[in-house]
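In order, the protein sequences belong to chains C and E.
Residue numbering for the first sequence follows the numbering used here, beginning at 1 and increasing consecutively.
Residue numbering for the second sequence follows the numbering used here, beginning at 1001 and increasing consecutively.
No lab work stands behind these hints: they were computed from the structure.
Glycine included, C-beta positions come from ideal geometry on N, C-alpha and C.
Some clues are possibly wrong.
As the list claims (entries may be wrong) - In silico DSSO-like cross-links for lysine-lysine, where the CA-CA straight-line distance does not exceed 30 Å:
| no. | chain 1 | residue 1 | chain 2 | residue 2 |
| --- | --- | --- | --- | --- |
| 1 | C | 28 | C | 171 |
| 2 | C | 28 | E | 1002 |
| 3 | C | 110 | E | 1074 |
What the hints assert, rightly or not - For each label pair, taking beta carbons as the anchor points, the in silico distance ranges come out as:
| no. | chain 1 | residue 1 | chain 2 | residue 2 | range |
| --- | --- | --- | --- | --- | --- |
| 4 | E | 1045 | C | 7 | 29 to 39 Å |
| 5 | C | 7 | E | 1091 | 21 to 31 Å |
| 6 | C | 129 | E | 1061 | 38 to 48 Å |
| 7 | C | 145 | E | 1068 | 30 to 40 Å |
| 8 | E | 1070 | C | 40 | 17 to 27 Å |
| 9 | E | 1002 | C | 165 | 52 to 62 Å |
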Amino acid sequence: MVNNSKQAIVRVLALLLVLFSFSGYSQKISKHYSSAHQQNGTLYFIFEQNDFRNSNSDFKYDLTYLSTADSATLNFSIIDKANVEIDSISLVKDSFHISNKSERIFIEPKKSKWHGRFTTKFLFSDLEKFYGEGLPKIILYSKKGEMVFTINKGAWKNQSELVNKIFMVIKYNK
Amino acid sequence: MKKIKTIALASVVAMTFSSCAIVKTPLTGFIYTDMKAPFAVTSNANSSKVGTAKAQSILGVVATGDASIEAAAKSAGITKIHHVDEHATGILGIVATYEVVVYGE
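Excised from the complex, chain E in its bound form (with noise of 0.2 Å):
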């Protein structure tokens, strides 16, 4: 009885963990994360517009939004890309935002 007991509750720890919104990032907090990090560069000189896309995990279970480089080029008019940054924030797996930070012009 003890053992099932202990199975069940393994079980149950590890479907709650496996399903927190874990947001892609280099480093993560388990209790916070907000990290910058860098996600690509080009051989094009200085910029002058910057632009973003977001996409959002609510608990792991729902997963929304664009966060394409191309999207965020487009909502800055951005047509040669300089740099792209990644952004990414988590709240103890509740809540989880990566943003996509388009350099350019």
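Chain C with its partners taken away, still in its complex shape (with noise of 0.2 Å):
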């Protein structure tokens, strides 16, 4: 009687552990990126990456992307002791090297640190080529001079699969 009953305890749990495991698997893209369907198009949205580091400061960008447009949105933020106004933006790997200006949305205190808030734009190629093969550094230019932002392999091996795999997406439902 006893060993039923943990037989079927152990039954239970080893099916809730199947049906977790398949749901963290049906989830793993879709819960990175939304789409949204309008009249001109599907809006795509990359939740905020957060793996590029410097010693000073944080980094964080998302992607933005209306399917029928040439290029993408990125956002970003940097929160840094100084105040630091940043002019442009360039993703840079290997022989490749994309430039833009960017624009500041907003720049406010956060706790002792100011976080400022900047978008630029990229064509939506030049991206698919970034998030290819090879290690990549982000460098952001500011009168102050550059800050240059570097991601560990292992990390940029997971964040490209994953940006990849919704570029992917994004081509098959245009």
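Mind assembling these two chains? They're in different frames, but the hints should get you there.
Shown next, in the form of structure tokens:
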């Protein structure tokens, strides 16, 4: 009797574990992006990515893309001790290098630091190349100089695979 | 003595579960929650910008963040809101996040 109830509990737990694993798998991509169907195309949004690092500042970015447009919007945040006005941004990888001017959305204090929020645009086809093989760098330029953000190999593997899968979804639905 | 032990055990269990990180969502999974749901919609046409704002709770003890529509709209420079969704995640009542996603222009 006791053995039977133990077995039943183990079975229920195993079933829950399997269901949990499958739900996690199916959500793997969908929880990282959203899409909204509109009259002028489908608007895709890739949620915040924060694996690029620099010893002094925090950097986060997200991507928005309308399926009928050529370019995607890259909004980014920089949290730093100083109030940094970013003029432009570069995405760099081996021989690949794209740059564009950035515009400020806002700058506000965040605890003892400053949170600067900026926006820029890149061609969707260029971003596809950026998320290919090779370890990239993101460089932000201000009047005070440049800030280089790097990413480790494992984090880039996960991030580039994720973004590439979302790009595939976008392309298949064009 | 047995009654006291039972009451003490029940109190501990009740206290433990009452302090879990539970996140606002139409449906809650005790083990795992990952749920997107509608929040609001307006009559404004098409959107071209998306902004998010997030708040997080740990063990139901500490909860921080600004998950307001205003913060989400501000993060993308949105001045006309088209619709708002919410995204809630939670794992075993240990960590829960609540994110507001604003679409607009």
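Status of each hint after checking the structure:
1. 28(C) x 171(C): 19 Å, holds
2. 28(C) x 1002(E): Given pair residue 28(C), residue 1002(E) is violated - Cα atoms ~48 Å apart, limit 30 Å.
3. 110(C) x 1074(E): Roughly 15 Å separates the two Cα atoms, so the pair holds.
4. 1045(E) x 7(C): 29 to 39 Å: 59 Å, violated
5. 7(C) x 1091(E): 21 to 31 Å: 27 Å, holds
6. 129(C) x 1061(E): 38 to 48 Å: With Cβ atoms ~45 Å apart, the hint holds.
7. 145(C) x 1068(E): 30 to 40 Å: 35 Å, holds
8. 1070(E) x 40(C): 17 to 27 Å: 26 Å, holds
9. 1002(E) x 165(C): 52 to 62 Å: Holds, since residue 1002(E) and residue 165(C) (Cβ atoms, about 57 Å apart) stay within the stated range.
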